[in-house]
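Q: Okay, here's what each chain looks like letter by letter:
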Amino acid sequence: MKSLAKIVATSSTALLLSLFAAPVAVHAADPGVTDTSIKIGMIGSLTGPAAAWGWPTINGAKMVYDAVNAEGGINGRKIEVVVEDTQCQAPLALAAAKKLVHRDNVFMLHGGSCSGEMVPVRDQMIADKVPTMLLVATMDQLVTKKPNDYIFRAFLPGSYDGTVIADFLSTVPKVKKVVVVGHSDEHASARYGTLTEGLKKHGIEMAGLETIEVELTDATAQILKVKSLNPDAVVMVARPAPSAVFLKDAAKLGLNVPMVGATVVDLQDLINRAGGIEPLKNTYVVSVYKAPLSEPAMAPWVEMLGKYYPKDKVQASAFYGTSGALAVVEALKRAGKDLTREKFLKAMVDIKNLDGGPMACSLTYSAGDHDGCKTGAVWGVRDGKIAVFGDRWK
Amino acid sequence: MEIAILLSVGISNGCLYGLVGLGLVLVYNAQGIPNFAHGELFMAGAFAAYTGNVLLGLPYGWSLLFAVVVAGAIGIIVELIAIRPISMHRSLGRASNQVAIVLATVGLMIVLKGLARIPWGDSVRNLPPAFMTETISIGGLYLSTQRLLIVAVTLVLVVAISLFFARTALGKTMRATSLNITGAKLIGINTGHVYSATWGLAAVCGGIAGMLAAPLIFVHPDMGTRMLLKGFAAACLGGFGSVSGVLVGGILMGIAEIFFGRYFATSMIDIFAPIIIIIVLLFRPQGLFGSRQALRV
Numbered sequence: 001m002k003s004l005a006k007i008v009a010t011s012s013t014a015l016l017l018s019l020f021a022a023p024v025a026v027h028a029a030d031p032g033v034t035d036t037s038i039k040i041g042m043i044g045s046l047t048g049p050a051a052a053w054g055w056p057t058i059n060g061a062k063m064v065y066d067a068v069n070a071e072g073g074i075n076g077r078k079i080e081v082v083v084e085d086t087q088c089q090a091p092l093a094l095a096a097a098k099k100l101v102h103r104d105n106v107f108m109l110h111g112g113s114c115s116g117e118m119v120p121v122r123d124q125m126i127a128d129k130v131p132t133m134l135l136v137a138t139m140d141q142l143v144t145k146k147p148n149d150y151i152f153r154a155f156l157p158g159s160y161d162g163t164v165i166a167d168f169l170s171t172v173p174k175v176k177k178v179v180v181v182g183h184s185d186e187h188a189s190a191r192y193g194t195l196t197e198g199l200k201k202h203g204i205e206m207a208g209l210e211t212i213e214v215e216l217t218d219a220t221a222q223i224l225k226v227k228s229l230n231p232d233a234v235v236m237v238a239r240p241a242p243s244a245v246f247l248k249d250a251a252k253l254g255l256n257v258p259m260v261g262a263t264v265v266d267l268q269d270l271i272n273r274a275g276g277i278e279p280l281k282n283t284y285v286v287s288v289y290k291a292p293l294s295e296p297a298m299a300p301w302v303e304m305l306g307k308y309y310p311k312d313k314v315q316a317s318a319f320y321g322t323s324g325a326l327a328v329v330e331a332l333k334r335a336g337k338d339l340t341r342e343k344f345l346k347a348m349v350d351i352k353n354l355d356g357g358p359m360a361c362s363l364t365y366s367a368g369d370h371d372g373c374k375t376g377a378v379w380g381v382r383d384g385k386i387a388v389f390g391d392r393w394k
Numbered sequence: 395m396e397i398a399i400l401l402s403v404g405i406s407n408g409c410l411y412g413l414v415g416l417g418l419v420l421v422y423n424a425q426g427i428p429n430f431a432h433g434e435l436f437m438a439g440a441f442a443a444y445t446g447n448v449l450l451g452l453p454y455g456w457s458l459l460f461a462v463v464v465a466g467a468i469g470i471i472v473e474l475i476a477i478r479p480i481s482m483h484r485s486l487g488r489a490s491n492q493v494a495i496v497l498a499t500v501g502l503m504i505v506l507k508g509l510a511r512i513p514w515g516d517s518v519r520n521l522p523p524a525f526m527t528e529t530i531s532i533g534g535l536y537l538s539t540q541r542l543l544i545v546a547v548t549l550v551l552v553v554a555i556s557l558f559f560a561r562t563a564l565g566k567t568m569r570a571t572s573l574n575i576t577g578a579k580l581i582g583i584n585t586g587h588v589y590s591a592t593w594g595l596a597a598v599c600g601g602i603a604g605m606l607a608a609p610l611i612f613v614h615p616d617m618g619t620r621m622l623l624k625g626f627a628a629a630c631l632g633g634f635g636s637v638s639g640v641l642v643g644g645i646l647m648g649i650a651e652i653f654f655g656r657y658f659a660t661s662m663i664d665i666f667a668p669i670i671i672i673i674v675l676l677f678r679p680q681g682l683f684g685s686r687q688a689l690r691v
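Heads up: the sequence lines are chains A and B, in that order.
Note that my numbering gives residue 137 to position 137 of the first sequence, counting from 1, and the numbers run on in steps of one.
To convert a position in the second sequence, counted from 1, into my numbering, add 394.
Here chain A stands alone, though its shape is the one from the complex (with noise of 0.2 Å):
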């Protein structure tokens, strides 16, 4: 009886400490956060139609982690990722994230391919107060729509594509109507509104929209629709293959005017599949990066992914994620050793005109501006190679 007294008595402690113990290992620190780790979910569409934006993507991004955690890691944690696929879907990118969060209690989100599939995803982890940087979803609503705390972006959003594009057109000389060929999806619609603006604050008559499919074989009614219109140059927001289609035609047709191309494509991958630099002489592209890959001023970003990821191509995409890892690893250094989601948070609205990496753009978050990217860099042809314009036409 006395041993039995003696076990009640002990285990009832033990209860009773580990009652008062628990809520403190419990509350020490946020989901995802150990001693030695701290746990960030990445999703993107690593499979399907849109797989080009999956791997190179959050490669890009994971590099950036790869070579904080060869450093030693932040505050003595290293960073651990984990992956799940979306295939570009809304339903199946809301399904990862959900298990990322529930079940591999990830202590916040980076990711997105496509900006329709983080459109549930953004509201589930407002939701469950999860921070979350967006990968290379450009949709403005993504972060714009409800203004909260816990969503973040370190991309040029959509909509500052047209405003980039407008401004560019209005330092070209002679240019005082121009015509806008481009998709009919969400991608190019989001750029359309700005576009429209920034032309008429300028002046410039815009003449008309022409569509072209995302499968597009053949441009010749478009183009010869364009000239019959007689614009002083093209805007084309399509994406690459399209776009590339739509520039060789054009030299065949003798649609000799400035083209300006919105970030959808990149200028060197343009070239690569138009088949050479001829059909794009006087072809602008507004770039995301501040220089071409193959410039001194992206060797160390080329250099760290083939030193993380030697199987991956030196492509446009590669490096789309990588700005919004930078202002991750900044915002956690910052949050300091006792990291919690909330001090993360404060870090990032904290963080002003930081090193955006290989972008164009310096990276600055407030409170009520939660995208850190808002500048790109027009790029042109000039003298057989690619130059960097800027913002103005020279």
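Treat the hints with caution; some may be incorrect.
[What the hints assert, rightly or not] What the simulated footprint calls covered on chain B by chain A, stretch by stretch (three residues with Cβ under 8 Å from a Cβ of chain A suffice, anywhere in the stretch; the number is not a length):
#, region
1, 400 to 409
2, 528 to 536
3, 605 to 612
4, 656 to 668
Honestly, the hints are just simulated from the structure, not real lab data.
For glycine and all other residues, C-beta sits at the position ideal for the given N, C-alpha and C.
Dock chain B against the given chain A, drawing on the hints supplied.
A: This is chain B only, laid out in the frame that chain A set:
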């Protein structure tokens, strides 16, 4: 001049649609099913030509031959390992059998596309045009040499296939099998071989179309999807029972969609094919050059 440009592009686009439609018609006439994986045979031909021309450095002619062999081989292999086991399944009735084969072609479409992604990924690749001189001028009208090649090859292929069915023993056995499979079996025709040959020939048509189109539209695993729809529309318009009718259907569609895009709305170009399919099925299901089949009971 503008009309001439639109006509030249419309005709060459239409020839591509006709070639793709031709492959669909061959399989449909043999087994009574639409082959939803035909777009992937188009893609396979383009990748085979890319491998031959760009990676192996073969001249264009040899690359064409390589693409023909690869596409034909894929067609035969697909028939042998995926279609024939289902068509020979005795527990299924004929109608269920056909449904099962159609579903198999849908599965093949996904599988072939997925298989292409393993070595090639999602990157878009360039296949150079057949000729160094990309355009020639005829009476002030600049014509793409690649488009002229498309028209020439298509016409030659359609004539060759028509002669093949009319003059050769294999062609005649293929026609006999498509008309009456039971009768064909009774007189000793190996219908399995006939189906393999049909799939091989259909794949060759798709592969050649893919190779010819690749310099214009780039090479990537999803390149066949849109072309499949155009091929279906060409076959519907021309009629599933006529080889030359499919070509005419394709050319009519190519011309109509480009004129429609130029003078009406460019946004309508891509919905033209499904509209044609619906209209033809509603008002003339046998197509422009097909004939209604009477069934004696």
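Q: Against this structure, judge whether each hint is valid.
A: For each hint, the structure was consulted:
| no. | hint | result |
| --- | --- | --- |
| 1 | 400 to 409 | holds (count 3) |
| 2 | 528 to 536 | holds (count 3) |
| 3 | 605 to 612 | holds (count 4) |
| 4 | 656 to 668 | holds (count 6) |
Of the numbered hints listed earlier, not one is contradicted by the structure.
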